[in-house]
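Chemist: Let chain A serve as the given structure and place chain B on it in line with the hints.
Chains as they are written, first to last, in my numbering: chain A, 1 to 78; chain B, 79 to 482.
No lab work stands behind these hints, which were simulated from the structure alone.
These figures come from a predicted structure and were not determined experimentally.
Where a beta carbon is used, it is the ideal one built from N, C-alpha and C, also for glycine.
Take these hints with a grain of salt, some might be off.
[Unchecked claim] Ranges between beta-carbon positions, derived for each pair:
(1) A:78 with B:364: 53 to 59 angstroms
(2) A:72 with B:89: 31 to 37 angstroms
(3) A:50 with B:437: 50 to 56 angstroms
(4) A:39 with B:120: 43 to 49 angstroms
(5) B:435 with A:68: 49 to 55 angstroms
(6) A:60 with B:358: 52 to 58 angstroms
(7) A:60 with B:450: 45 to 51 angstroms
(8) B:241 with A:68: 29 to 35 angstroms
(9) B:295 with A:78: 52 to 58 angstroms
(10) A:64 with B:454: 52 to 58 angstroms
What follows is each chain in one-letter form.
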Amino acid sequence: METKIDQTLDCKGLSCPMPMMKLAKAMKGLKSGQVLEMIGTDPGTNSDLPKWCEKSGNTLIEKKELDGGITSFIIQKK
Amino acid sequence: MSEENKEIGILGQLFRTFFSKHWPVWVGGITLGILNILLFTIKSPWGASGGINNWGENFFRMFGSSTFEGATPINASFYGMLCVVIVIGSFIGALFSKEFALRIPPKGELIKGFIGGGLMAIGATIGLGCTIGSFFSGIPALSGGAIIFTIGLFVGVIIALKYLMWEMEKFPKFSSGKSYIFLAASEKKGNWQKWLGWITLIIFLAIAYVYSGYNPVMAWFVIIGLLMGLICQRSRFCIVKAFRDPFMTGEADGSVGVMAGLVIGLIGFTAIKYFGIGVGDVSIRAREMTWVFPHFWLRGLIGGFIFGLGMTVAGGCAVGTLWRVGEGQIKLWAAALGFLIISPLSKLYIVPAITEMMPYNMKFKNYLPDYFGYAGAFAIVIGIILIWYVFVKWNEKTGKFSAY
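In isolation and in its complexed conformation, chain B is listed as follows:
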């Protein structure tokens, strides 16, 4: 009894501020936007699919594949490592809030996870990026291709949502059946989770410290990635949700949260590109073209569409998958596995077959300021975000496009 009634100290209250309730999504969006700017200033913006592809290459190398002998080891790959620490950051966030548990869904869900992950891998390799690289970072990077990729995403999400609803009507068995939960905590039980959270945090801060001696950029990537994972888990930052929910329940909070992050990122990225901040050894032009990929327009459209299908079926985009892996959702473990296995294979066999047929003017780097100037490009992107905002808010009130 005395244990429970004990007064919570000042630091305890601080801890509770962060870990007793979920954060509003917009808090996640804004803080992720700021960290994204920080990543860009020290190296290059946030991305997720490239890192998972790096995992995949290492996976095949581990099994002795000679094709992937030259793969960068994960601990030397900035983005491979970033993905690892996002999982860890989310794991820590889930442990601190005692939300961690191994949640094993019915078999049908596992299959959907794997297929969704595989589709995401194909979409990301064709479209050159995922919802982070070609959306959450790509749009602030003033890339015309990212806007087209986003249109593809929308179409993919809407179609896959229709599929999920159809499946639920016709084959309800697919998403029900035996499920298992392990290691769950509750309000009174499971304090080991908090302790494990602290231990994990200390280990990874030590890893960042070791990197700081010979690879300071990586040390920062580790720290920023840990924060990103933790923020995603606490705010349940989910780009699938942002695209899907207006067409499902009509909820707009998830979309607005993502928009908040886009606007913050846009302001920072535009300044970095405009002034050539952090240009280092490369040319100003190369700095400007950072995260502007040669996928305008058809390559981005096809890739975005397939990625949109995959992330909706899996229930998490690349980063949404990563942070749910850290939280213990086994469906997303299946998605991550599908993603990392299919990604290097798609790059090797599917992408060349599709892109070689495309003429150059369907897969080039479109940098908006080249056509509209910086002010014009900035205004166009803000305008698009504003239209999206008005749409989701109007739809939230009227339910015109919502299924439920």
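One chain only, chain A, in its complex shape:
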């Protein structure tokens, strides 16, 4: 199952709060149903992002660990 990704957001190297701020801003610019991939390295995002998705109604489709301490999150806008 390959999800079509409409936008990619690179948050590598950034620490709290920049990844979540950039994510919230980027999601605002998407249309309903569009999909964003965010890649980041801040361990904080692992717990902040799912919580934010739950609260904002967006769907976290997939979270996977890439090589080199990088995590990828695929989120669909509500």
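Modeler: Below, chain B without anything else, positioned relative to chain A:
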């Protein structure tokens, strides 16, 4: 294959309980509150900015500055050492959970880290304390100045958050660009991190043991500090988050976690002060006035405001900076550096210029029980925490004050 499918033993499961997932913030808040009470019973409450200032004085002394010749060496300073072991405790927590990596952010972020750290140093030296000494410990210590410092913090955080959002809109380049990650582990790779965690833990337990022979209080500070660092890292205990997130994403968990720690600390501190527990050679009055600083009200307000600006720009308060240093976030290394360099200089040159102009009634020790009695002071502090709780929970639902 056989290696991966191997049954995890009872101790292995225990290890996983602590290090496979982040802990809820309130678990961190409560355990930190208890350790804070323990620190107070054996000596005095938790603080962070004083320890970083001690690092700074030693930094200048190392370069031959005669002004700081009399600085207490870090290994003899309770709070200097406490800050060191908080970094180490977080380092161990990050290694055990394989979350350690050197994360080098884009250049703009490093600059913000350094400036944020410098602002925190100025705020802490003017305001006499940071988010720990004048908030997480100061409020439970029933200090009126701590409440004013906290109001300053709030204002600083809101303004700096507005700045960060403005910067992201207008100058997105500042927070993007080349970044580097080194030494990261993943689920299957990087088991060296766990081994290094054990080695570090054993070394620092040995250090605590050596101290126990001639300085038992320091031995306890080392052990408690290690635990504090580890707890902060695992629960991602962040006071900036507690203040900021209601105005950013609307998230309230971080705030509630900090409140849990405040309430626990309040109960313990009030009892210690009321009964004069651990009074030792000082007077009962001196024990009561522990962590009540002469910053009511203007001194605390200005200091809190500048500190609030700094911690939001840096992305971590004094202790938030320390534990992220241990986790390998280079932006916070820059913040720690800014903090330790600016702190002794601010104490020497900025603080006298500002505080000498202030009349006494703008910088005195305000101890709430002197005005309202113990029961009244306790009720006031609980009331303030409760109002804050209702606000963040209501805002979480309605999003009235959240930017996103």
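Chemist: Which numbered hints does this structure break?
Modeler: none
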